[in-house]
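Residue numbers (our numbering), protein chains in the order written: chain R, 1 to 229; chain W, 230 to 460.
To be clear, the hints were calculated from the coordinates, so they are not data collected in a lab. There's no promise every hint is true.
[As the list claims (entries may be wrong)] Partial pick of chain W residues on the chain R-facing surface, computed with a CB cut under 8 Å:
1. Pro291
2. Glu292
3. Leu293
4. Leu435
5. Thr438
[To be verified] Not everything, but these chain R residues come out facing chain W in the computed CB check (under 10 Å):
6. Ile67
7. Pro79
8. Phe83
9. Cys162
10. Ser164
11. Ala184
12. Phe198
13. Arg214
[Said to hold, decoys possible] Chain W residues, not near chain R, derived (Cβ > 12 Å throughout):
14. Ile298
15. Thr308
16. Gln356
17. Ile376
18. Tyr427
C-beta: ideal position from N, C-alpha, C; glycine also.
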Amino acid sequence: MSFDIMLIVDSIPKMLVGIGLTLHLLLLSTVIGLILAIITLLMRISGRWYLAWPAMTYIYVFRGTPILVQIFIIYYGLPQFDFIRESFAWPVLRAPFGCAVVALSLNAGAYVSEIMRGGVLGVDRGLHEAGKALGLKVHQRFIYITTPIAIRLAIPAYSNDCISMLKATALASTVTLMDMTGVARTIVAQTFAPYEIFIAAAIIYLVLTWVIQRGFGLFERRMSRYVKQ
Amino acid sequence: MSDIVGWLDDYFWGAMVVLRVFGVSLLMAVLFGLIGSAAKLSKSRIAKSIASGYTVVFRGTPELLVLLIFYFGSAVTLTHIAQIVDPEIQFVDIPPFWAGALAIALVVGAYMTETFRGAFLGVDSGQIEAARALGISNFKTFVYVRIPQMWRLALPNFGNHMLSLMKDTALISVIGLEEIVFVAEIATTVTVKPFTMYAIVAVIYLAITTVITLVVSGLEKYSNRHLERAR
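Pulled out of the complex, with its shape left as it was, chain W reads as follows (with noise of 0.2 Å):
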């Protein structure tokens, strides 16, 4: 026990750090669903063919990959530039943090542009076609009639994607980002206990995608309370 005490608090502050890059990339992630799915839906080929090439690319590639081309491509990038400034710089990255977090929002925003795909499509065509009727401009029958109606259909997908969001964020320690499982390395060096230190991690992941899950089902009886009366 006396092994643990004294790093509960790296542990603390890398689970923080892991609160930060989900709630970042859940953003992110969100942004390319809905731009990527509005391109699916959209009547434009070259959007379709651009949105579906990213939708096969990112789905078809490992996590792991796609962060690791984002933070030593960036770097070489950045590197060449800065060097064309100062010839003396022999290094520059992207903070693992962005690049972590823009690449597991890209994976994850390619699900959800699928997820959200399918919920536009689940909203009856009649409440689009009485919002044309009225006179109202397509953006405001975007935010106004699709949206608050699609959400409810793409929640229960929309709650794994979150899941496997949340446990991508274990990959960015591989390029150096302090969260928990490089805290765990860090521990596992002094203390000479894996296990143990290995083990809090998954507690505390399994902590917070409990605390996921019960949300994301709160939210679906909360978005179906409707249907639930009619019973």
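Same shape as in the complex, but just chain R (with noise of 0.2 Å):
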């Protein structure tokens, strides 16, 4: 038994080969997830049941079911169905890249639009009534009063779930990507030496959230800049 510190330094370039699809990954499925979750916001906010349910629906299956579950139901599971196999998705869903972005934006979207509802939520009404009686209409109140304060209220709970976006592409893994993770598992399976190997993967890892960290911070201050300190 040896643990070598040098085969930890030396792994590290290795893993670099994976961090552009673990990247990758993480930024089409945030991107794709916000759009999501703003759809889904407007839809739950609405006041209208029939645009209300389908959108409770989708945050309430989407956040009580492991993602794991959720990569296999559309990787394994959708090609069951012959609809699927003939449809224009089809190209997105064949390949194993196309299904860790589905799953993961999906995923996404249901946890952000709830952050969001939060954020919009804590915007104080005072303000509504006073952009009410400036004679504003309901969508300017909407994007010019709610929005900019929404988003400072909802900047802590989204940069926890982009760390944890960060952290749900290693599952990408288990659908055959050489992802970081994959990348990872492969060289332990050639040279079976896991804590070396997967240390160095989470030395990665903990570089990355420790960026998306500062980035979200510095990005908070910005948006802060009216509230004295």
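Quick one: dock chain against chain with the hints and give me the complex.
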């Protein structure tokens, strides 16, 4: 039994082969997730039951099941149906990358829309009334009053969610994708030095987490510049 | 339908395994959370830095990676130790159940450390001063004064951590624990109905997480009953 620190240092560059895919997954699914979240949020706060109910069901299902199971349903499960294999979405759903992006985005959409709802509900009622008194229309109030404040309120939770998303991209390795965890698992299968290789991967994940946290910290400070420190 | 019926008892026993992992790792996670938050709030600088190292590392690493380190790492270590005793032994590992339960408990325990820390800080400091004035020992203050007042504050986040703990149990199928995702894999190879089989897994998880949510909201109502009356 030997613990080889040099092996950790040596394997970090090898691990960086997978970082591109990890970041690609993260970026695509946060952007698509954000769009889904905005649509879901608008449906939920629309006050019309036929819009709010589907949104609530979507959030309930995707927050209540493991991401791993969602990925498996999409990757292994959907090809069971012929109509999906003949549909326009098949080129995306046929590849493991497409499936991982779809699952992660749907998951992010459900979580982020709840975070945004928290932000929107946190906006002071008085500001709405002020907007109304100034004669702003509903959508003007939403865009110019609610949105900027809600964004600031939602940043800490959203930053945590982005970190969870980064961690969730590791699940892509279960459907044969060669992201950082996937690369690490392959190297371990070859060298059988699990501590060194997996710790090297963990170090890279920690650095990425730190970068995300730091980035959102700066963004939050900028969005809060009108608040007296 | 007929495809499913034959597998129902496998799913049932798989779900029992899930609940057992959940119970064991919830207990460990609460323990880690309490120790971690006590260390973070202590005056000792060493305890503080160990606890914050723990939370930074385990909140920033993917659960799957932690699980793989624990399972394969322990296997390598144990095999080496076993070979010292008996060179004939090829491979020793700790059961996936315990490797998995420990790994997810460590991750969720890191989140709980933060939650508990916030909740302990939320307890009025006058209460602790009063306990000190009455000559109650530090340990007894912790058990009888701090914990009964902090759990109410920790409950909403604690509920969320329980949900993520429950969902993390699905990962343990990756290292070969025979729980419901594993059952679905086997069932798929036989019936060639992957969607149906994994959908059952999703439904089981949804049912369990729904029960957890309901229990937590019931507990929240119970713990805040003194506030409702005052309104």
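To test your reading of the hints: which numbers does this structure violate?
8, 9, 13, 14, 15 and 18
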